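Chains A and B supply the protein sequences, listed in that same order.
Start counting the first sequence at 88; every next residue gets the next number (the working numbering).
Start counting the second sequence at 88; every next residue gets the next number (the working numbering).
Be aware that a few hints might be false.
[Claimed, not checked] Computed footprint of chain A on chain B, listed as stretches where at least three residues anywhere in the stretch have a Cβ under 8 Å from a Cβ of chain A:
#1 133–144
#2 159–172
#3 279–289
What the hints contain is simulated information worked out from the structure, not anything from laboratory work.
Model, not experiment: these values are computed from the prediction.
Note that beta-carbon positions come from the ideal geometry of N, C-alpha and C, so glycine has one too.
Spelled out from the first residue to the last, the chains are:
2 protein chains.
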Amino acid sequence: MSYKISKATLGRLPMYLEFLKRQKVENISSTQIAKQLELGEVLVRKDLNAVCDQGKPKIGYNRERLIDSILDCLGVERKVSAIIAGAGKLGTALLDYKGFTEFGVDIKAAFDIDPKKCSEHLSNGKCIYSMDTIEEYCRSNDIKIGIIAVPQSEAQDVCSKMIQCNIKAIWNLSPASLDVPEGTLVKNENLALSLSFLKTCMIRNEE
Amino acid sequence: MSYKISKATLGRLPMYLEFLKRQKVENISSTQIAKQLELGEVLVRKDLNAVCDQGKPKIGYNRERLIDSILDCLGVERKVSAIIAGAGKLGTALLDYKGFTEFGVDIKAAFDIDPKKCSEHLSNGKCIYSMDTIEEYCRSNDIKIGIIAVPQSEAQDVCSKMIQCNIKAIWNLSPASLDVPEGTLVKNENLALSLSFLKTCMIRNEE
Chain A
88 MSYKISKATL GRLPMYLEFL KRQKVENISS TQIAKQLELG EVLVRKDLNA VCDQGKPKIG
148 YNRERLIDSI LDCLGVERKV SAIIAGAGKL GTALLDYKGF TEFGVDIKAA FDIDPKKCSE
208 HLSNGKCIYS MDTIEEYCRS NDIKIGIIAV PQSEAQDVCS KMIQCNIKAI WNLSPASLDV
268 PEGTLVKNEN LALSLSFLKT CMIRNEE
Chain B
88 MSYKISKATL GRLPMYLEFL KRQKVENISS TQIAKQLELG EVLVRKDLNA VCDQGKPKIG
148 YNRERLIDSI LDCLGVERKV SAIIAGAGKL GTALLDYKGF TEFGVDIKAA FDIDPKKCSE
208 HLSNGKCIYS MDTIEEYCRS NDIKIGIIAV PQSEAQDVCS KMIQCNIKAI WNLSPASLDV
268 PEGTLVKNEN LALSLSFLKT CMIRNEE
């Protein structure tokens, strides 16, 4: 399976997916989708036609088939293993969370420098190991994704370790900006920016 | 202060902000920004010209001034109070996190149905109260933003309570899709979708 889809389109697929899952209709047109998501119609049509057959005139897309096409395109069938660096509140919340497997990501373990947090068996049977063992673990378990949930000051160190163990994709939940070699993917998840966006919309709504 | 900026532009501002903060140059052109973020040049210029004066030909935008304009536009100066429903791992991680105040959002307290979690004083002096008191608290403390960090099955109930106490903006970290009256904003934060996007990009990179 190989799709010729631009990264920009790919970045919007989760948004379409979430929107489509919330709808209750059988069919939906690109016009309706564009209006609800405040996107251009041409853009929406371009995005959706990249992942599935064109919608039917006056009927639109079959919602469930469109969802399946997007899931397929997002590669949810392919299983990938991940680990978390940092077993603080956020790190363990992610380790506990069951929703990632739905998208084919299996978070196998977490790592922390605090010996008190290590070896702790969580409700789902997953373990927290010493940070000293992260490289060995990643190499022996074919870990592809590293999740950074350590404080900002430690993020770059942890990131460099992950790269040494051949991790090719990093999900960065710290506010640090990471230096990585070419070919390594970084996705920065800044929750503060996300909440700030909601606040801005709210202020505008009040005006 | 009132901006005539489309919601789509507003939604991209955090992305520009994060990108600009990571750069080390004094000036940056819309062409460079567009290339790095994989966006169209026309779009980037339209977005940036909506928040600040045009960049200078052959020089571009002064990076720091552009950051200030975006921050101004995001309304970071205006302080808004928020509360969290659900004091599990994710909820308390957010309650602990200091990065929200930078954007003018003050998370004042959390609420939980589990009596064992209540009255607990966290490191930063913030409290977790009984869910029974959420409405009273929100009314007396002029709470504008509600953060939902409860399990999916409880999310709609909590959301309805928040709307009853005049909360106008909801940050939904549960996978539930919420029914809200017109005029109430909901921002769904689906971390699983975000991680899934990183995975998809990684698979594509390997192909």
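Here is what the structure says about each hint:
For the region 133–144 of chain B, the assignment as covered by chain A is violated, since 0 residues bring a beta-carbon within under 8 Å of that chain's beta-carbons and 3 are needed. A count of 7 residues in the region 159–172 of chain B with a Cβ less than 8 Å from any Cβ of chain A is obtained; the coverage claim is therefore met, three being the minimum. With a threshold of 8 Å between beta carbons, the proposed coverage of the region 279–289 of chain B by chain A holds, since 11 of its residues qualify and at least three are required.
Hint 1 alone, counting from the list given before, is not met by this structure.
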